[in-house]
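Listed below, chain by chain, are the residues.
Protein chains: 2
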Amino acid sequence: MKLYDTKTAPNPRRVRIFLAEKGIEVPTVQVDIAGGENRTSPYIDKNPFAGVPMLELDDGTILAESVAICRYFEELHPEPPLMGTDAQDRALVEMWNRRMEHHIALPAMNSFRHTHEFFKGRIPQVPEFGQNAKEEVLTRMAWLDGELAAREFIAGDTYTIADITAQIGIDFGRVTKISIADEHTNLKRWHDAVSARPSASA
Amino acid sequence: MKLYDTKTAPNPRRVRIFLAEKGIEVPTVQVDIAGGENRTSPYIDKNPFAGVPMLELDDGTILAESVAICRYFEELHPEPPLMGTDAQDRALVEMWNRRMEHHIALPAMNSFRHTHEFFKGRIPQVPEFGQNAKEEVLTRMAWLDGELAAREFIAGDTYTIADITAQIGIDFGRVTKISIADEHTNLKRWHDAVSARPSASA
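These protein sequence lines are chains A and B, in that order.
Residues in the first sequence are numbered from 6 upward in steps of one, following this note's numbering.
Residues in the second sequence are numbered from 6 upward in steps of one, following this note's numbering.
Hints are computed from structural coordinates only; laboratory data are not their basis.
The reader is advised that the hints may include incorrect statements.
One copy or any two copies: either way a pair holds, since identical chains are not told apart in the list.
[Said to hold, decoys possible] Below 25 Å or equal to it, Euclidean Cα-Cα: the simulated SDA-like pairs (lysine to any residue) are:
#1 Lys51 <-> Pro32
#2 Lys27 <-> Asp94
#3 Lys182 <-> Met6
#4 Lys7 <-> Asp150
#5 Lys125 <-> Leu153
#6 Lys51 <-> Pro85
#7 Lys125 <-> Asn115
#8 Lys125 <-> Asp197
#9 Lys51 <-> Leu111
#10 Lys27 <-> Glu141
Just so you know, these numbers come straight off a predicted model, no measurement behind them.
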């Protein structure tokens, strides 16, 4: 199999961290998003939505969407579990992962997409929407700080994919000056902990 | 357990259709979104993101996010499988479900949220973003029509949660005048098929 990756982008980083936590090595191919490689043939023929990462299996099957790729590896290599351990736990991890996606990572990406020069001409930018997305991330980070007063990780006392999604979202937020406020000591403690894991540099 | 539901909203409908396809009956409580019931206590204390649906388990555990709720029921009642049958298939269904979420259902909801009077004062509306979201749904529907020339359902030859997500997204699109174009005969054939299933009225 082959993983199409872009070192600078948040969604591929999510899969890289996930793989590093599992101790899985997969041959990777770098995709030049800045040069538009993902929006031209042959990449776009394989993934019509142009998203990176993308996993190409040996039989040619294309698997896109970072969480779908993570789920595939979770089933192939169940240890350590990063997506829950029984029906209820797996559902709760999915809930937390989706909360981190929709209220942290996605708005952090939308803040960039709708306000940054990089996306000018690539998408119909609406700066006001991008600014609101940034405000949403900041509001949710304040809320998340309160949540993390009571537990070590996002979905409970165990590190899961929800931590990875929050991590890549918050770290990517730096490009539009989203950062953890000094008073959010629980969020800071959590962020220091996930950043200290070897997977953080994946 | 108890399912908090709102008859008129698309995400609760996703769970209702999923349960109907499984033949599962769950006691439900109607939540008055229009009256703001989901944004006040006690609902907001249980689900700080105010989203409906929400599942309350007998031990008081709260499970939010419609796909997380579906995954829980998929594990409790595996038949008929609606989220894939082996590692690769489950990952592919997740990929298709996410594509339908991010490129059909979510922009259809954003089209409503950002342009409709219902959301005035509830969120910071950006009508231009809402209009772009509508355009995105229409573009993706045209693409989906081509995909459906080669197979019966969204993720392959079997009905899955990806069909449900596309169905609730496209049907909800009606509120902002999103509809299937006459020339998209494959999409129309698929939509007629999913609409004819007894679950469609759930």
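Tested hints:
With identical chains, the CA atoms of Lys51 and Pro32 are at most 25 Å apart within one copy only, with a shortest distance of 18 Å there and 44 Å across copies. Taking CA atoms no more than 25 Å apart as the test, Lys27 paired with Asp94 passes in both settings, with 19 Å inside one copy and 21 Å between copies. For the identical chains of this complex, Lys182 and Met6 are neighbours neither inside a copy (37 Å) nor across copies (43 Å), given an alpha-carbon limit of 25 Å. For the homomeric pair Lys7 and Asp150, neither the shortest alpha-carbon distance inside one copy (37 Å) nor that between copies (29 Å) is at most 25 Å.
For the homomeric pair Lys125 and Leu153, neither the shortest alpha-carbon distance inside one copy (37 Å) nor that between copies (32 Å) is at most 25 Å. In this assembly of identical chains, Lys51 and Pro85 lie within 25 Å of each other by CA distance neither inside one copy nor across copies; the values are 31 Å within and 30 Å between. Taking the shortest Cα distances, Lys125 and Asn115 sit within 25 Å of each other both inside one copy (13 Å) and across copies (21 Å). For the identical chains of this complex, Lys125 and Asp197 are neighbours neither inside a copy (33 Å) nor across copies (39 Å), given an alpha-carbon limit of 25 Å.
In the homo-oligomer, the alpha carbons of Lys51 and Leu111 lie at most 25 Å apart both inside one protomer (24 Å) and across protomers (23 Å), since each shortest distance falls under that limit. Taking CA atoms no more than 25 Å apart as the test, Lys27 paired with Glu141 passes in neither setting, with 32 Å inside one copy and 36 Å between copies.
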